[in-house]
Amino acid sequence: MNEDEMMEEGGTIKKFLYVNRRAPYGSVYALESLEVVLIGAAFEQDVSMAFVDDGVYQLKKGQDTKDVDMKNFSPTYRALEMYDVEKLYVDKASMDARGLTEEDFVVPVEVLSTEQLAELMEDQEVILSF
Amino acid sequence: MNEDEMMEEGGTIKKFLYVNRRAPYGSVYALESLEVVLIGAAFEQDVSMAFVDDGVYQLKKGQDTKDVDMKNFSPTYRALEMYDVEKLYVDKASMDARGLTEEDFVVPVEVLSTEQLAELMEDQEVILSF
Amino acid sequence: MKFAIQVNEGPYQHQASDTAYQFTKAALEKGHEVFRVFFYHDGVNNGTRLTTPPQDDRHITNRWIDLAEKYKLDLVVCVAAAQRRGIVDDDEMKRQGKDATNIAPQFRISGLGQLIEAGIQSDRLMVFGD
Amino acid sequence: MKFAIQVNEGPYQHQASDTAYQFTKAALEKGHEVFRVFFYHDGVNNGTRLTTPPQDDRHITNRWIDLAEKYKLDLVVCVAAAQRRGIVDDDEMKRQGKDATNIAPQFRISGLGQLIEAGIQSDRLMVFGD
Amino acid sequence: MLHTVNKSPFEKNSLDTCMRLAKAGSAILLIEDGVYAAIKGTEVEAKMKAAAGDKKLYVLGPDIKARGLDEGQVIDGITVVDYGGFVDLAAENDKVQAWL
Amino acid sequence: MLHTVNKSPFEKNSLDTCMRLAKAGSAILLIEDGVYAAIKGTEVEAKMKAAAGDKKLYVLGPDIKARGLDEGQVIDGITVVDYGGFVDLAAENDKVQAWL
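These protein sequence lines map, in sequence, to chains A, B, C, D, E and F.
Start counting the first sequence at 103; every next residue gets the next number (our numbering).
Start counting the second sequence at 103; every next residue gets the next number (our numbering).
Start counting the third sequence at -3; every next residue gets the next number (our numbering).
Start counting the fourth sequence at -3; every next residue gets the next number (our numbering).
Start counting the fifth sequence at 977; every next residue gets the next number (our numbering).
Start counting the sixth sequence at 977; every next residue gets the next number (our numbering).
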């Protein structure tokens, strides 16, 4: 552990990246990965979330799950800010392939090129995939 | 139920097709679908099995699961004949894409073109997918 | 018309069980008959009475139970798949020397023949999976 | 070196649990430390003592138990995921008013914080899933 | 014959194989994550429009709504149905193949 | 950095996305159904050979053997490792990303 990983309180701060590549509702990964992020926020790590491939659909505005009788967890993305989870990155290639734009998302995100996203991943210490 | 669906004993004979599209070992579907086919044989239905997409890998010769400590179920395909399950069809397009030929398979199969396989499916009454 | 339903995935992880439920419910409400719902592969995990999902989400097992009570549905859990995954009723507890059961009310454990029979006896077999 | 292991899928359905086990065993045999194995999503289903796989196949849960006994491994089942899927220990039985438990020896149910902690405390987090 | 596809066309090959093996005149219903294939403006739109030429395409409305999409975004020639409509399709067609 | 891919390149898009986002010099290990990408004579062989130009490619031997394939069929430039070798790769690289 090097010195800049140490907080003043003695705890370690690591760079955590959550990689989300699945659409919501078809499987539970999107919902349960969000639960990890929320719990993880209490640990005050340096958290980023990346939305790649069908993961970009997780952020789609206007989700209405009444007719499928499942829990609509998309409002939770808007609550992330309160947990100091503010680094949300969207893969531009994935967004474009699906005909989506930043205006389609429930929260502000930073759109990254392939090169930028590759750099972001390289810059992490712990990568959780769902 | 029309007349030629009736056996002399009064039982119904239907055309059952098992569609296998998954590789073995990565998931349990190949193994457990084989269990259905074996149990189903006792019902004396008109059974066909189709191997499409990664399903063609199920029939690959030379499977040796010692190092992964999983059950090698590939010999079971050779036992199907004893259960009067003899109509095994392989999708040519899937086989070609994977660089496989009929010689790679543990059992004799009939290789079907896309048109023939589409016709086979259309000709069924019950289709089980795994 | 007489339907049979096959469910290949467990609750929550994939939408398969949700879609199977909504289809079954809609079919029954339209006056169709559902000959049997057969739970195979991880689908057997729908049949445990030990789940406690979050209160703001649907209770998948209880939904099946309620539907079965209302329409006298036959909910069958495959015994071979159940043994691999630890779904146990009184008979299985005794036979396998286990110290507990977890099968939910309205569900019963039986053999794969019940799936074949459902395919024979029903007009349409619907498969829901991953 | 200190590893942490995350297992996202249940036994048998996907190879994830097998690969996670083989990796963990190989790491321990090489003298590495395994800080924790965390079972998330359907991975919690690895922690039931009620499975009875066929005698000619591996017993996935018992393999984890044996490894844990030999190396004092910490096998943690996520409580939120366990509640959705019906994995219950004594505490959960009381808290949720259930009438049985199914947790296997050597496994313990705890919160998602244990996963974050594993990410912080270990040198490498390995994720195995579908 | 009715085919169902429940996987995203961006993630898995199920839709492609279904399209290849479904005969002209057959019905294809997109459900669950499969509904993304029914939406205008994506990379698969052209493929779907071509398929609509000789197949009957349907998409499950509840799954579209759940994912924040609406019927106005559905490609012309694809019919939106609810669970009752899904049951009707299964009843009208003589058999059903699920492309899992 | 080590990337792992456990899905067949014919079934899912995981390998493609991994290849796109893995930087030059990084290591990619094919495991489980991912090992099919390492085999000569398939439709993805050219893609793998190109990737071998600037990435270090590995494949898990036990998964190859299980599937009836052998090391002689592995594309030149892809190194076969066992579970111990998998552990070594995870230890040598500073972090691991699993493309599930």
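Source of the hints: derived by calculation from the structure; they are not laboratory data.
A couple of the hints might just be wrong.
Unchecked claim - Here are the simulated lysine-lysine pairs, PhoX-like style, with alpha carbons at most 20 Å apart:
1. E:Lys999 <-> C:Lys(-2)
2. B:Lys162 <-> F:Lys1041
3. A:Lys173 <-> A:Lys162
4. A:Lys117 <-> F:Lys999
5. A:Lys163 <-> E:Lys1071
6. B:Lys163 <-> F:Lys1016
7. A:Lys162 <-> E:Lys999
8. B:Lys194 <-> E:Lys999
9. D:Lys94 <-> D:Lys68
10. D:Lys(-2) <-> A:Lys117
11. A:Lys194 <-> E:Lys1016
12. B:Lys117 <-> E:Lys1032
13. B:Lys173 <-> F:Lys1041
14. C:Lys94 <-> D:Lys94
15. F:Lys1031 <-> A:Lys116
16. E:Lys1016 <-> B:Lys117
17. F:Lys1071 <-> D:Lys26
18. E:Lys999 <-> E:Lys1016
19. A:Lys194 <-> F:Lys1041
20. C:Lys26 <-> E:Lys999
21. A:Lys173 <-> A:Lys189
22. A:Lys117 <-> F:Lys1016
23. D:Lys(-2) <-> A:Lys116
24. C:Lys(-2) <-> B:Lys117
25. D:Lys(-2) <-> F:Lys1071
26. B:Lys194 <-> F:Lys1016
27. F:Lys1041 <-> B:Lys168
28. B:Lys116 <-> C:Lys26
29. F:Lys1041 <-> B:Lys163
30. B:Lys116 <-> E:Lys1071
31. B:Lys162 <-> F:Lys1016
Hints and how they fare:
1. E:Lys999 <-> C:Lys(-2): 25 Å, violated
2. B:Lys162 <-> F:Lys1041: 11 Å, holds
3. A:Lys173 <-> A:Lys162: 15 Å, holds
4. A:Lys117 <-> F:Lys999: 19 Å, holds
5. A:Lys163 <-> E:Lys1071: 36 Å, violated
6. B:Lys163 <-> F:Lys1016: Satisfied, since the Cα-Cα distance of roughly 16 Å is no more than 20 Å.
7. A:Lys162 <-> E:Lys999: Violated: Lys162 (chain A) and Lys999 (chain E) sit about 34 Å apart, past 20 Å.
8. B:Lys194 <-> E:Lys999: 17 Å, holds
9. D:Lys94 <-> D:Lys68: Violated, because 29 Å separates the two Cα atoms, which is more than 20 Å.
10. D:Lys(-2) <-> A:Lys117: 17 Å, holds
11. A:Lys194 <-> E:Lys1016: Roughly 18 Å between the alpha carbons, so the hint for Lys194 (chain A) and Lys1016 (chain E) holds.
12. B:Lys117 <-> E:Lys1032: 25 Å, violated
13. B:Lys173 <-> F:Lys1041: This hinted pair holds, its Cα atoms lying about 13 Å apart.
14. C:Lys94 <-> D:Lys94: 18 Å, holds
15. F:Lys1031 <-> A:Lys116: Answer violated: Lys1031 (chain F) to Lys116 (chain A) is near 27 Å, above 20 Å.
16. E:Lys1016 <-> B:Lys117: 38 Å, violated
17. F:Lys1071 <-> D:Lys26: 19 Å, holds
18. E:Lys999 <-> E:Lys1016: Judged against 20 Å, a Cα distance of about 24 Å means the pair is violated.
19. A:Lys194 <-> F:Lys1041: 38 Å, violated
20. C:Lys26 <-> E:Lys999: 29 Å, violated
21. A:Lys173 <-> A:Lys189: 25 Å, violated
22. A:Lys117 <-> F:Lys1016: The hint is violated at about 38 Å.
23. D:Lys(-2) <-> A:Lys116: Holds, at about 15 Å.
24. C:Lys(-2) <-> B:Lys117: 17 Å, holds
25. D:Lys(-2) <-> F:Lys1071: 12 Å, holds
26. B:Lys194 <-> F:Lys1016: 18 Å, holds
27. F:Lys1041 <-> B:Lys168: 9 Å, holds
28. B:Lys116 <-> C:Lys26: 26 Å, violated
29. F:Lys1041 <-> B:Lys163: 11 Å, holds
30. B:Lys116 <-> E:Lys1071: Holds, at about 12 Å.
31. B:Lys162 <-> F:Lys1016: With a Cα-Cα distance of about 15 Å, the restraint between Lys162 (chain B) and Lys1016 (chain F) holds, given a limit of 20 Å.
Checked against the numbered hints given earlier, the structure breaks hints 1, 5, 7, 9, 12, 15, 16, 18, 19, 20, 21, 22 and 28 and satisfies all the rest.
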